[in-house]
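As given, the protein sequences belong to chains A and B, one line each in that order. Start counting the first sequence at 0; every next residue gets the next number (numbering that gives the first Met the number 0). Start counting the second sequence at 0; every next residue gets the next number (numbering that gives the first Met the number 0).
No wet-lab data here; the hints were simulated from the structure. Nothing false has been slipped in among the hints.
The list cannot tell twin chains apart, which means a pair is met if one copy fits it or any two copies do.
With a straight-line cut-off of 30 Å between C-alpha atoms, the simulated DSBU-like cross-links for lysine-lysine are:
1. LYS77 x LYS92
2. LYS126 x LYS42
3. LYS408 x LYS287
4. LYS402 x LYS92
5. LYS370 x LYS126
There are 2 protein chains.
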Amino acid sequence: MSDKQKRFFLSEDEIPRQWYNIQADMVTKPLPPIHPATHQPLKAEDLYPIFAKELCHQELDTEHAWIDIPEEVRDMYKYYRSTPLVRAYGLEKALGTPAHIYFKNESVSPVGSHKLNSALAQAYYCKQEGITNVTTETGAGQWGAALSYAAKVFGLEAAVYQVKISYEQKPYRRSIMQTYGAQVTPSPSMSTRAGKDVLTRDPNNQGSLGTAISEAVELAMTTPNCKYVLGSVLNHVSLHQTVIGLEAEKQMEMAGEYPDIVIACFGGGSNFGGISFPFMRHKIKEGKQTRFIAAEPSSCPKLTRGVFQYDFGDLSGLTPLLPMYTLGHNFMPANIHAGGLRYHGAGMIISQLLKDGYMEAVDIVQSESFKAGLMFSKCEGIIPAPESCHAIAATIREANKCKETGEEKVILFNLSGHGLIDMTAYDQFLAGSLLDFEVTDEEVAKNIAELDKII
Amino acid sequence: MSDKQKRFFLSEDEIPRQWYNIQADMVTKPLPPIHPATHQPLKAEDLYPIFAKELCHQELDTEHAWIDIPEEVRDMYKYYRSTPLVRAYGLEKALGTPAHIYFKNESVSPVGSHKLNSALAQAYYCKQEGITNVTTETGAGQWGAALSYAAKVFGLEAAVYQVKISYEQKPYRRSIMQTYGAQVTPSPSMSTRAGKDVLTRDPNNQGSLGTAISEAVELAMTTPNCKYVLGSVLNHVSLHQTVIGLEAEKQMEMAGEYPDIVIACFGGGSNFGGISFPFMRHKIKEGKQTRFIAAEPSSCPKLTRGVFQYDFGDLSGLTPLLPMYTLGHNFMPANIHAGGLRYHGAGMIISQLLKDGYMEAVDIVQSESFKAGLMFSKCEGIIPAPESCHAIAATIREANKCKETGEEKVILFNLSGHGLIDMTAYDQFLAGSLLDFEVTDEEVAKNIAELDKII
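Pulled out of the complex, with its shape left as it was, chain A reads as follows:
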């Protein structure tokens, strides 16, 4: 293999100048988000109190397929983009598969994951609008780290509400955010009404993403010049992440191949959408027969076992109602290590695409994901984030099918981040003490039944 190229890069000049907005090309557009009070379709203006205006318009834009990447954002992309497209010869050899496996390595971003692609964009738009402070929530901390650095880049103050149990269990990620200059508060906190309410009822509450979202939104709405930013689920976040797939498309061309299968792990959908949408436009517009596989954890199976229905984005029911595959906003996912995948619903674009058959989904139990991650570490040297392990597990399944059939399929997956801050999870797996979690049909049915009351 020594004469074959292993990694593919683009020159800085070739880094995309526009993001791809799949909403413009979708045959069936996503149903509109609905105002929680009026039950009317949401207008961009309805979101102004929370998000930067430009982001509100991107969120609801179903007309423009291409959105210019601001020069200031593209300029920052150049510090870590293009990320490498890598041919995983080591993994192919270990599997003995005829498949050609490629991965897009987003773990090389300074914060260690793809999250920075949208954090930089969101921080920039806030700055442009005269905002001085941004606030967000984070679980394991990948998004919080990205936002903290992006805020520093554009001279904004960042306040991050981190789910308390993660704040205590993952001190390294908290330190990373603080190193970038962010203020990190364990949630629930006494700094907001939402936090106080929870703590008054339950002084030992360990926090949840739902509570942290409520705290961050409350802070944004009660602080002058402060906006809220979000790291996944929303359309504009996936939009920014399409820089991944647009680069990969050019890089696959350099490798002389086109993917038969595109795979990414699935939490809210931003890394999946990021790598998939640019390739999917050829399926929508030219009927190209590529398969797109979202790999979700079995413990949070919204795509494989949820329903397509309007639901709230948060636990407290404060957000607009979104048309999504969901397990119900009251669904409490088990405390798996892949914290980034513990979300009850899927973004509305992806939900529509799944409904319309443009993509498929598989679920992976925690032990299968870490088995895959460990194999990948030994073959390729990079220790993957627990989230990314799900994409690797799904890739291995497909590569093994190729071994059976002898097909030389081209598989591309997104390595969304590295797992260097998640080594305790690998420890547990190596020690045989990692748990798998099952979700019962009763639990799914109960949470979904409650959705009927909403709308």
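Assemble chain B onto chain A, guided by the hints.
Chain B only, in chain A's frame:
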């Protein structure tokens, strides 16, 4: 700055095909290492029991300026090399300096540091010779992680003795080694005579690099088909690391500049030699006026306050006697976070070059190093390893001088690794609880005086 290129890469074809052996070009060759028993100059054969034969010859080779990189090693380099050469526009702006600052980003290697460059080479030569097992010591774990992965790549079993206090305080690095499949033992251990001796005398001994080296060497010498490997100090390690400087030379050419100053942190010398030697050959051969600055910790000041004398490489006095700048092998450096810089002596090539005035050295206190690292994190997004923080601090000193004089000097430093596994150190710095350590003149004099007894 948006039209200016930020990062420079080489194509896989341009990755160096040879390492550069500066010994062949040195006007004054290093004094020979001396056999500890016979006091005769060491022959390559004397080292065969410990190291792979090819490495023994590389160690003492003063004839061949260029050594071919085996195709199998170069093939593995392609998975992470070339590493980016980055123009640090963010840092320049924050400092308000007219200097042009570049850094070579070795932190993007899968194991997070430059150490992999030599680990792959050493593992390969062992494999070629029919060795099945390799053993080494590690402190903080950067080298241990690199060796563990390199061993896995070439199908060797790796046993790593990790200094006990690090084993307990830095569990993430231990986990990383185990993830790659290595057997990690806290040292002192009961698995060797050397370890037993220490534990018998002092059951609560927390370990030291000296003891861990003794354990690893003993295991290698008492185990069939097992060799010892080392991550710094030795000539062949610096040789392998020259891939850094050789790449940087081409990349600086792409940037249209040539460094006036080259800076790296200094422990045993492999990352300093790696980036410096290729540039230094133009100083030796063509009289090019480049300054080379080694940045060592004030708490372990062998280059700035040590003496040039024969000394042992280890605490127990088992290794050959090396001509080095040293603080004496009994010198116990304070427990700073930059574990990779806690070594009493400098490699013999570097010692000779310093003596002959080809390079200079500065010492940095721990708080200055972390202040520099924090600034770099905020400007460039990458959180540097505590070791690399020393190079950044020295760079900032030089950039500030340029600000005073208005000179547009070109400064190149080596970012030897990232600090994601060292966040507790940043925590302490942010909390104001990081200590600086002073070394008294009496302490230096006492340890150096003991050297007179050796030879």
